[in-house]
Amino acid sequence: METLGFMLAALSPFNLLLAVAGVAAGIIIGSLPGLSATMAVAVLVPVTFGMPTESALILLGAIYTGAIYGGSYAAILVNTPGTPSAIATTFDGYPMARRGDGDLAVTLSTLSSVIGGLVGGLALFCLAPLLALVALKFGPVEYFWLAIFGLTLISSLSEGSTLKGFIGAGIGLLLSTVGVAVVGGDTRYTFGSQFLLGGVETISALIGLYCIPVLIELVATPSEHLKPPEASRGVRFREGVTLMFRGKWNALRSAIIGTIVAILPGAGGSIASLVSYSEARRASPRSEQFGKGEPDGIIATETANNATVGGGFIPTFVLGIPGTPPDAVILGALLVQGFRTGPEMFTTNASVTYTFMGGLLVATVLMLPIGLLIGRYAFKSIVSVPKAILVPTIAFMTIIGTYAIRNNPFDVVVMVVLGVAGWLLARWGIKPSPIVLGLILGPIAEQGFVQGYLMGNATGSVAGVFFGRPLSLGIIALTVLFALYPLWSARRKRTQGEVVAHEQST
Amino acid sequence: MRQRNTIHAFLKAASAMAAALLFSTTLQAQESQFPERDVQYIIPFGPGGESDISARLQQKYFQQITGNQLIIQYMAGGGGAVGWSQLNEMDGDGYTIMGTNLPHIILQPMQQGAGYQTEDIENFIFFHYSPDALLVANDSPYKTLDDFIAAAKKTPGAVTVSGSGTYSANDIANQRFEALADITTTYIPFKGTGASVAALLGDQVQAEWGYTTTAANHSDKMRPLAVATDERHPLFPDVPTFKELGYDMTGGAYRGIAVPRSTPEDVTRKLSEIFSDINANPEFRKSMEALGFVLIDEDVDQVEDFLAEQQRQYQRVAERMEAGQ
Numbered sequence: 001m002e003t004l005g006f007m008l009a010a011l012s013p014f015n016l017l018l019a020v021a022g023v024a025a026g027i028i029i030g031s032l033p034g035l036s037a038t039m040a041v042a043v044l045v046p047v048t049f050g051m052p053t054e055s056a057l058i059l060l061g062a063i064y065t066g067a068i069y070g071g072s073y074a075a076i077l078v079n080t081p082g083t084p085s086a087i088a089t090t091f092d093g094y095p096m097a098r099r100g101d102g103d104l105a106v107t108l109s110t111l112s113s114v115i116g117g118l119v120g121g122l123a124l125f126c127l128a129p130l131l132a133l134v135a136l137k138f139g140p141v142e143y144f145w146l147a148i149f150g151l152t153l154i155s156s157l158s159e160g161s162t163l164k165g166f167i168g169a170g171i172g173l174l175l176s177t178v179g180v181a182v183v184g185g186d187t188r189y190t191f192g193s194q195f196l197l198g199g200v201e202t203i204s205a206l207i208g209l210y211c212i213p214v215l216i217e218l219v220a221t222p223s224e225h226l227k228p229p230e231a232s233r234g235v236r237f238r239e240g241v242t243l244m245f246r247g248k249w250n251a252l253r254s255a256i257i258g259t260i261v262a263i264l265p266g267a268g269g270s271i272a273s274l275v276s277y278s279e280a281r282r283a284s285p286r287s288e289q290f291g292k293g294e295p296d297g298i299i300a301t302e303t304a305n306n307a308t309v310g311g312g313f314i315p316t317f318v319l320g321i322p323g324t325p326p327d328a329v330i331l332g333a334l335l336v337q338g339f340r341t342g343p344e345m346f347t348t349n350a351s352v353t354y355t356f357m358g359g360l361l362v363a364t365v366l367m368l369p370i371g372l373l374i375g376r377y378a379f380k381s382i383v384s385v386p387k388a389i390l391v392p393t394i395a396f397m398t399i400i401g402t403y404a405i406r407n408n409p410f411d412v413v414v415m416v417v418l419g420v421a422g423w424l425l426a427r428w429g430i431k432p433s434p435i436v437l438g439l440i441l442g443p444i445a446e447q448g449f450v451q452g453y454l455m456g457n458a459t460g461s462v463a464g465v466f467f468g469r470p471l472s473l474g475i476i477a478l479t480v481l482f483a484l485y486p487l488w489s490a491r492r493k494r495t496q497g498e499v500v501a502h503e504q505s506t
Numbered sequence: 001m002r003q004r005n006t007i008h009a010f011l012k013a014a015s016a017m018a019a020a021l022l023f024s025t026t027l028q029a030q031e032s033q034f035p036e037r038d039v040q041y042i043i044p045f046g047p048g049g050e051s052d053i054s055a056r057l058q059q060k061y062f063q064q065i066t067g068n069q070l071i072i073q074y075m076a077g078g079g080g081a082v083g084w085s086q087l088n089e090m091d092g093d094g095y096t097i098m099g100t101n102l103p104h105i106i107l108q109p110m111q112q113g114a115g116y117q118t119e120d121i122e123n124f125i126f127f128h129y130s131p132d133a134l135l136v137a138n139d140s141p142y143k144t145l146d147d148f149i150a151a152a153k154k155t156p157g158a159v160t161v162s163g164s165g166t167y168s169a170n171d172i173a174n175q176r177f178e179a180l181a182d183i184t185t186t187y188i189p190f191k192g193t194g195a196s197v198a199a200l201l202g203d204q205v206q207a208e209w210g211y212t213t214t215a216a217n218h219s220d221k222m223r224p225l226a227v228a229t230d231e232r233h234p235l236f237p238d239v240p241t242f243k244e245l246g247y248d249m250t251g252g253a254y255r256g257i258a259v260p261r262s263t264p265e266d267v268t269r270k271l272s273e274i275f276s277d278i279n280a281n282p283e284f285r286k287s288m289e290a291l292g293f294v295l296i297d298e299d300v301d302q303v304e305d306f307l308a309e310q311q312r313q314y315q316r317v318a319e320r321m322e323a324g325q
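First to last, the protein sequences are chains D and L.
Residues in the first sequence are numbered from 1 upward in steps of one, following our numbering.
Residues in the second sequence are numbered from 1 upward in steps of one, following our numbering.
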């Protein structure tokens, strides 16, 4: 009961005001390509120093959750994931927007984000200490296998040729080796330039690979960017709710996947949303429609990535190990306030912790009205602004956004080069998603492998380390299953094709 | 008429005096009232790390002392090298300063392609360090440093130790201690302290090279076997120093601040005074020490000797590492 009292403290006028302001600011920052959740949180940390700890946390948590959701606007409306966790949202969100359903896509993303955020927040509230133990079971070897598992998703994600998907992933893996290696400390592929020491920044690569081709197409073709809606028809809320209801199991499953993956520090939202997406596609009776504007695709990725917010706080609070980059910033702010993580958070400091959790849930619910309002405005302005203004504005934003990530002008060069290269590669059927997947998973796989190898040498059995642990064996089994599933389902379709066709027509 | 003249002369003299007074005060102001506006403090890492936390703590006192803001910006990449290699091209007016770290700025230039030399970095202060500490999980069978050494001697290379990065403070600490205690362990580098802690708490490794700050943050789950300070750390009165146990090892990750080379000397000196004043604030000291840091005050006059001594030490370890490869 005491806990509930603490949670209700989140409803004080000041805390409510912070939650509203935080969510609104987060949505706007997150929707701009390049301005990430991490940056939104970092910029506002000094503002929170004068506040009570729980209010500071509520503000930062609200901004974080708003920014993760806001990232879906850019993904849906301009095919540019505002954050890595919105990559998979582009798959169906952008096709929906192109055919004139952008408003519905934004509404769906809002509903999904709220549901995902609530599941993640409740997991944080009820199961935090228990779930934190899961994070510790994951050693270097498990991370290695997890990255390999992520790479097999390429086979299910690449439209058309699987081979071209693997070529794209290879390019991504190669790009991920640029810079100073974390393990080993070698300087690789920098060609003597100190600007390349920091490697290829993931978000600048995202902006380049996804956004620049859209800009080029916009300029090269006379047609309008998005098909405008026939008439003013609100936010199509009812339609969205109906679709959500149809996809309820998909939403629940994706939220659970999102929560669990987020508990693993370093794996984060991008893997969570990709895994839920491919799982939703596998389980769906309309799997053919995925990638062509299937509402279930948005539901899967957006519930998953907002579930990572609550999930990521679990290792942050219980173990003091940040689950995601924004969590690292929030943890730093806590330390500056003289606040310790660990068991104390649930005993002596329980009032702060539970008030914050209450605030996070409140902020998540507030995202529904605020999100629908801002989303409608964002959709309208992108649809109604003439191309001659839209293209330069987006181009300007991509440059500012890329520069702002690390204050490094060279990142802008990398972004533009990758953008043009991405446009050319897409013409040959090599899509950006496998490239980005390779870029994100490459370092995880490399570090896990070298660390596992060193551990193996120390114990005298490298094979024992890589294949001798139950958890790794589980991931290996999943990998094999996912890699073989497309072959199996293709074969099944061939034999049962007529039956399925018959069932669907009835 | 005459009276009027006198008044006129008096007014003239008075206004001249006032002008002179005004002039001299503005002159004085220019000399002593740096900074007149906000100062950009660039941290060459991402937000949330120890360098960021230290800067955030300095922020408040900087404003108290100068009345101006200290604005923190991040320029992450290459373990700090991306920022340091661009430092001297920035405006040298004192309004741009950059955090510096040891051993980074000594070890990185020893390798190829860091884009700067140690001598290029114009440090004006080193204000604290995170002392090295050898950490084990609470339920570890190693109760003392001797237990750890005995295990490592029994089967050389079988004891695994996690740490953050290669050629980093943790890696160096491991190398130094291996040489001093004449043991061989397997050092496993992780990306950042968080991952390195997770490896220790998850029983992936048997020990971790971290800092007193790491031990302070996770005091419920891990304990230091020894710390690399001159005297026992106030947070860990029962934990011996390496020195006490006969291993001549003090140090860790030092943090300082540098300016672009073109910055005028008086401005640099003023900056050094400001940050020394911050370091002297009792409230500031208390919050720093509670996090596990040890404050030092190597200001603009001492920083050269301090760096030279550190450089000698790291050079020795680096030679040993090269030889071992």
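Just so you know, the hints here were simulated from the structure itself, not pulled from any lab data.
Incorrect hints may have been included.
[As the list claims (entries may be wrong)] Okay, derived cross-link-like pairs now, BS3-like style, lysine-lysine, Cα gap no bigger than 25 Å in a straight line:
(1) L:K243 <-> L:K153
(2) L:K153 <-> D:K137
(3) D:K137 <-> D:K227
(4) D:K493 <-> D:K164
(5) L:K143 <-> L:K243
(6) D:K137 <-> L:K221
(7) D:K164 <-> D:K227
(8) L:K191 <-> D:K137
Outcome of the hint check:
no. : hint              : verdict
1   : L:K243 <-> L:K153 : holds (20 Å)
2   : L:K153 <-> D:K137 : violated (29 Å)
3   : D:K137 <-> D:K227 : violated (49 Å)
4   : D:K493 <-> D:K164 : holds (23 Å)
5   : L:K143 <-> L:K243 : holds (18 Å)
6   : D:K137 <-> L:K221 : holds (15 Å)
7   : D:K164 <-> D:K227 : violated (30 Å)
8   : L:K191 <-> D:K137 : holds (18 Å)
In the structure shown, a violation is registered for the earlier hints numbered 2, 3, 7, in ascending order.
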